[in-house]
Amino acid sequence: MGLTVRIVVGALLLLLLLAAPAAAAGEWDAPESCATPVSVEAACRGASDTHHGVDYEHCVRSLSADARSADASASAGIHGLAVLATRIAVDHAASTEAKIEDLAELEAEAEGAASRARFEHCLEQYGGAADLLRDALDNLQANVYGLAMQQLMAALGASRSCEDAWRGAPARAVPVAAHDREYERLAHIAIGFTHAAAK
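Note that the sequence shown covers residues -25 to -1, 1 to 174 in mature numbering (1 follows the signal peptide of the UniProt record, and there is no 0).
Simulated from the structure, these hints should not be mistaken for lab results. Do not rely on the hints blindly, as some may be mistaken.
[Stated by the list, open to error] Label-pair distances were calculated between CB atoms; the ranges are:
| # | residue 1 | residue 2 | range |
| --- | --- | --- | --- |
| 1 | 69 | 135 | 14 to 20 Å |
| 2 | 88 | 17 | 49 to 55 Å |
| 3 | 11 | 82 | 47 to 53 Å |
| 4 | 88 | 135 | 49 to 55 Å |
| 5 | 113 | 81 | 30 to 36 Å |
Ideal placement from N, C-alpha and C gives every residue a C-beta, glycine not left out.
From just these sequences and the hints, can you work out the full model?
Spelled out as structure tokens, the structure:
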């Protein structure tokens, strides 16, 4: 048995030694394929032209505010921007979930069971959306664009479903309305960029 193990290990080492020069030659001889660089402005223009939910000015402002956008657009093109936009949407979904938890503690106690149920519904929606967005991010990184698009579209409904929970409530502003709208706008950017990357 010891001899068999030594033979197998020796064969594996020989294969690795033979494969290393070929891999090195491939690295140096073949030119690397690079993504076509695309500016944030060009990506946002394309997304706003083809996707009704993307506002050009908001898209440029949101992506330009993130320090990672220059590297994403230069090194990975529209694919990199789609990944970044999805990451930004994940971050916003998570921060919205945290904001809803804070509001729930402050307002639900004062306003009773109906208010608590509304906040719980929103927490459930944003928790599910964050999970879907993370799955979409994994699929984007694996270049599985069709499934990523399905997950992004499914995650989009969280904001509307959350606001719908306040229908029939006393006339006042929905406490999470601003967060809902921003989340929806960011999710639309991720969808627009992913659609462009899939082409």
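Hints the structure fails to honour
As far as the earlier hints go, only 4 is violated by this structure.
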